[in-house]
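*Asks:* Here's the letter readout for the chains.
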Amino acid sequence: MNTRLLTIQRTKLVFTVIFFWLPVIFFSLLLIWNTIPYFNFSKDFSFIQERAVLFLKPIYNWSFYIHIFAGMFCIGAALLQFSSQILKKRKKIHIWSGRVYVIVVLLLGAPTGLYMSFFAKGSFAERGLFMFMAISWFFFTLKGFTTILNKQVLAHKIWMMRSYAMALTAVTFRVYYIILYLYDVPLTLNYEVSLWISVVGNLMVAEYLIYRKSKAYLTTFTT
Amino acid sequence: MKHAAVLYTCIGLMGAAAVTGFVDYTQASNAGALANLYQDEKSTTGSTLISVKDISVDDYSRAALEEKMIVQNDQEEQTVTEQSKPKKRKKSVPPPPPPPKKMNEEALVEVPPAPPAEAELVIAETPPVPPTPVVEEKIETPPAPPVEEVKEMTFSPRIFSRAPLPRKTIAAKKRKGS
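Protein sequences appear in the order of chains A and B.
With the working numbering, letter number 214 in the first sequence gets 216, and the count goes up by one each step, no holes.
With the working numbering, letter number 48 in the second sequence gets 961, and the count goes up by one each step, no holes.
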């Protein structure tokens, strides 16, 4: 191959690592780190105090703790999934972390998220968005799982990218929230806007990456 | 077969979550509890930055507190004067304060001077000490032996090496030591 093309490819790789994967890894680990204190089961957190009435219900209480527990493992496992080095050299790591991701999402994360979405903060539209998130997260992960069982690797990649885009809304939502907060946007509006941007934005980015990757992906997906 | 069981379980869980959520939601809406689900946003929501931002430091400064105290005192005084007006009390004018006493100038002049210190007198009476004659003692020191090649001994890199020193430098060292 032409050396110039090789150089351009390497530069692209470096840029994607610096401007995409490093922030993603950093914020994912930060989210996991901030989740750990919740497991002393104290009610002193502002998130819990705000929803004090809801936490009186045992189902909601357990759903919350199961959901954040699943979220930690889901985000942690997903970080290992998109590394081509791991996929080539350590395939077992990819397989086992993938199993953890699928089980955690399908059995724990998505059902508890769906239950909690009925009582989500915001208007009816935000509740609907949370429901859409839970159902689509479940559906994308389920499709990714079934496609790899049927040895459809390309389709598996596509569905898993969508699933990860949904999982990553937990991270991007907080990033947008902080940015808008710094611009003195009112809290309720900030919450709604950052929620919509994170869900719609993540889906659009995922679709763009899928489209850019290869047209072969799309053809396998449609068939 | 195994995977199918897992999948059906997951789908069942999602269905159960949806049904339970819907039932609880309808119950809460019928009871009218949905409006009070969340606490007041200002008090609880947001990060710690918000609470820090909302605190006004000026309210707790000493100057502000003093101003508040002064204003309160003025208001209290006003209220007291307003209450005391209808009674029409006779004003009792206090007598003017006495003028300060003048200093007695004569007393100041007649103050005797302090006695001279004894130390000064002692110094004056003592006779001057005669200068001691300086005796120059001539010490007969033996002539120092001529030092050879001192520079070579002190600064040559050979000293720091493990190799045996040359005979000349060893002799010079011995002489210096003696």
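Just so you know, these hints were derived from the structure itself, not from any lab.
Being a predicted model, the structure only gives us computed values, none of them experimental.
Don't take every hint at face value.
[What the hints assert, rightly or not] Here are the simulated PhoX-like pairs of lysine-lysine, each with C-alpha atoms no more than 25 Å apart in a straight line:
{"id": "1", "chain 1": "A", "residue 1": "LYS159", "chain 2": "A", "residue 2": "LYS215"}
{"id": "2", "chain 1": "A", "residue 1": "LYS215", "chain 2": "A", "residue 2": "LYS153"}
{"id": "3", "chain 1": "A", "residue 1": "LYS90", "chain 2": "A", "residue 2": "LYS14"}
{"id": "4", "chain 1": "B", "residue 1": "LYS981", "chain 2": "A", "residue 2": "LYS145"}
{"id": "5", "chain 1": "A", "residue 1": "LYS145", "chain 2": "A", "residue 2": "LYS94"}
{"id": "6", "chain 1": "A", "residue 1": "LYS94", "chain 2": "B", "residue 2": "LYS915"}
{"id": "7", "chain 1": "B", "residue 1": "LYS915", "chain 2": "A", "residue 2": "LYS159"}
{"id": "8", "chain 1": "A", "residue 1": "LYS90", "chain 2": "A", "residue 2": "LYS215"}
{"id": "9", "chain 1": "A", "residue 1": "LYS14", "chain 2": "A", "residue 2": "LYS159"}
{"id": "10", "chain 1": "A", "residue 1": "LYS215", "chain 2": "A", "residue 2": "LYS93"}
{"id": "11", "chain 1": "A", "residue 1": "LYS93", "chain 2": "A", "residue 2": "LYS45"}
{"id": "12", "chain 1": "A", "residue 1": "LYS93", "chain 2": "B", "residue 2": "LYS981"}
{"id": "13", "chain 1": "A", "residue 1": "LYS91", "chain 2": "A", "residue 2": "LYS14"}
{"id": "14", "chain 1": "B", "residue 1": "LYS915", "chain 2": "A", "residue 2": "LYS153"}
{"id": "15", "chain 1": "A", "residue 1": "LYS215", "chain 2": "A", "residue 2": "LYS123"}
*Asks:* With the threshold set at 25 Å, check whether the alpha-carbon distance from LYS145/A to LYS94/A stays at or below it.
*Replies:* Holds, at about 21 Å.
*Asks:* Assess, step by step, whether the Cα of LYS915/B is no farther than 25 Å from the Cα of LYS159/A, and give holds or violated.
*Replies:* Cα-Cα ~23 Å, so holds.
*Asks:* Is the straight-line distance between the alpha-carbon of LYS93/A and that of LYS45/A 25 Å or less?
*Replies:* At roughly 42 Å apart (the allowed maximum being 25 Å), LYS45/A and LYS93/A break the hint.
*Asks:* Sort out whether LYS215/A lies within 25 Å of LYS90/A, counting only the CA atoms.
*Replies:* holds, 18 Å
*Asks:* Within a Cα-Cα threshold of 25 Å, do LYS215/A and LYS153/A meet the stated pairing?
*Replies:* holds, 20 Å
*Asks:* Given the hint that LYS14/A pairs with LYS159/A, does the C-alpha gap stay at or below 25 Å?
*Replies:* Distance of about 21 Å is within 25 Å: holds.
*Asks:* Run the distance test for LYS915/B versus LYS153/A: straight-line Cα separation, threshold 25 Å.
*Replies:* holds, 17 Å
*Asks:* Is LYS94/A within 25 Å of LYS915/B, Cα to Cα?
*Replies:* holds, 20 Å
*Asks:* Measure nothing beyond the straight line between the CA atoms of LYS90/A and LYS14/A; if it is 25 Å or shorter, mark the hint as holding.
*Replies:* With Cα atoms ~20 Å apart, LYS90/A and LYS14/A stay inside 25 Å; holds.
*Asks:* Given the proposed pairing of LYS981/B with LYS145/A, does the C-alpha separation stay at or below 25 Å?
*Replies:* Given that 25 Å is the threshold and the Cα spacing comes to 68 Å, the pair is violated.
*Asks:* Has the given pair, LYS93/A with LYS981/B, been kept, meaning a C-alpha gap of at most 25 Å?
*Replies:* Violated, at about 72 Å.
*Asks:* Measure nothing beyond the straight line between the CA atoms of LYS215/A and LYS93/A; if it is 25 Å or shorter, mark the hint as holding.
*Replies:* Holds, at about 22 Å.
Violated hints, in rising order: 4, 11, 12, 15; the structure is consistent with all others.
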